[in-house]
Amino acid sequence: MDYVYPIYEYRPSADQRAAKPVRHKVVVIGAGPVGLTAAIDLARKGIPIVLLDEDNTVSVGSRAICHAKRTLEIWDRLGCVAPMMEKGITWQTGKVFFRDRQVYAFDLLPEGGHRFPAFINLQQYYVEQYLVESTQALPQIDLRWKNRVVGVASGPDGVRLDVETPDGRYAIEADWVIAADGARSPTRKMLGLDFKGKVFEDRFLIADVKMKADFPTERWFWFDPPFHPGQSALLHRQADDVWRIDLQLGWTADPEEEKKPERVVPRLKAMLGEDAKFELEWVSVYTFQCRRLERFRHGRIIFAGDAAHQVSPFGARGGNSGVQDADNLCWKLALVIRGLAPESLLDSYDVERQQAADENILHSTRSTDFITPKGAASRLFRDAVLSLAADHPFARRLVNSGRLSVATVYTDSPLNTPDRDSFAGPMVPGAAASDAPVRRDGKDGWLLGSLDNGFAGLYFANDRIAPATATALVALDQMPVPIRTTIVAPQPIAAPAGLNVIVDTERLAARRYDAADGTFYLMRPDQHVCARWRRFDPAAVEAALARAIGRPVQ
Amino acid sequence: MATLRTESGFERPDDFYELLIQAHQGLTEVQSAALNARLVLLLANHIGDLGVVREALDRAREGV
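These protein sequences, in sequence, are chains A and B.
To convert, note that position 114 of the first sequence is 114 in our numbering; the numbers rise steadily by one, no gaps.
To convert, note that position 38 of the second sequence is 1038 in our numbering; the numbers rise steadily by one, no gaps.
A hint or two may mislead.
Unchecked claim - Computed beta-carbon distance windows for the label pairs:
| # | chain 1 | residue 1 | chain 2 | residue 2 | range |
| --- | --- | --- | --- | --- | --- |
| 1 | B | Glu1007 | A | Asn462 | 30 to 40 angstroms |
| 2 | A | Gly375 | B | Gly1051 | 51 to 61 angstroms |
| 3 | A | Asn462 | B | Glu1055 | 47 to 57 angstroms |
| 4 | B | Val1030 | A | Asp194 | 31 to 41 angstroms |
By construction, these hints were calculated from the structure, which means they are not laboratory data.
From a predicted model like this one, the values you see are computed outputs, not experimental measurements.
Every residue, glycine too, gets a C-beta built ideally from N, C-alpha and C.
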């Protein structure tokens, strides 16, 4: 069956008849994956949102198809992931070919014991449709289709927006605006903000074809293949027997000509075989850019996703980093709106997500330089690396067909409390929390699923914990910004009143967190580690919490 | 006697590769070839082990 685009009805809002502009707490511009994720996250924290979208349907074309483990964990926290997992195609293996031979294969998640795979592939239109369906159960979200923002006036205490609808224009005000209106962000343009970076002089054909094929569910990447000499090619499976094919065309290709079926079909037949049966679902020719805003927060307007930063597609770092922007921003904004944290907490969004954007731009620029070498020396080394890769492990590490999206570790975040005790392994302050299989109330579950939407403590205990410790742990949950602690134990132990216990059935949690009896981790609401200790010390935990919400105590 | 190491030697191979490509930026093909020749001589001298260098030369030549 072919995908049927949903049409979402435009409904006039009472705001359009108001005598003076109605004031809202948060207006989100753009109901793409990033804006929808932000709206859902804020709504689940009890914040009312107006979400404006200029269109009345989902993404046209499959666009962002690779959704990374961390993104799936975020959507799981928001209760939206089930239909995506059901519809999406799970994969973790990539293969790289040079000319007519395979030079290597990689496994993105070689270890078990994680709820989510390295990636699922799912067309962006499905992702948006499922997220829209999730908003329908959240009365805090006022989603207005066919509402195009045409004017932005930013003041110190709020923002005024002019909005065009089928019934004409109206104005609204907002305490805060999240601009998630995409790579061509009209908000960014209306504010006249620079979007600096690098444009790559190359063109790629992107073709989604529908076919019954027996290629495995893997990412296949070719450098200089016999069917498309001198260029690169990518084959990737999506839901509904749709396959994504990317073909490098070179800078001189004419984008309009190359989109015509009489040009596209012979290229695809050269790749898939003369007798291959397929239908074209979507064709586009694109160039790419790596660039970002200098700052993501402009007073009361905060940019997220492609509106704030843009990367080339190799590595699936566009959509994934946008969802992670929303994940980073929403808990901070919710605390500021409630008066529980100073406005300056939002500056940490800038620090942390600029670090992420720079990391994504660096990786994606390097991949692009490797895939489309400019200049004779670049091509010489690229081909030398590929010719060595089959027989020399060091050269495989240099092959770069895309460094695939993983969560950024906020190493230098001002919200981290530096370690005072010694720990091994990757769960450093700033890292996204690792998952592990656990049992809770006799049922199988996952460590990340045991954390909720607020600050969380993980207390590792080998045995029954002392009553005084239990009392202090429960007290953390009574603070204005509560910390809900979960006890992680190697076997079922009696849960002290007010605390949950999860059983670390395979001891993977203790191993992944390098934890021993008495180890305590403090997690932020976005499930990044912000502090950890070998011994639980309530005063140190309170100080770390204060630092993590932008109220450092001396 | 040492043998040629073919496991990855760099903690962050992408950093090395970027440095290498950057070194060639703005050079003509002739200049690039000269840079490569000088680089081979410098690194070979640094290795200072004829057995290892011979093995590397053999492997490099096999693939061209």
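Structure-based check of all given hints:
1. Between Glu1007/B and Asn462/A, the C-beta spacing of about 39 angstroms keeps the proposed range 30 to 40 angstroms intact.
2. At about 35 angstroms, the beta-carbon gap between Gly375/A and Gly1051/B misses the expected band of 51 to 61 angstroms.
3. Roughly 52 angstroms separates the CB atoms of Asn462/A and Glu1055/B, a value that falls within the hinted 47 to 57 angstroms.
4. Checked against the hint of 31 to 41 angstroms, the C-beta distance between Val1030/B and Asp194/A comes to roughly 39 angstroms, which is consistent with it.
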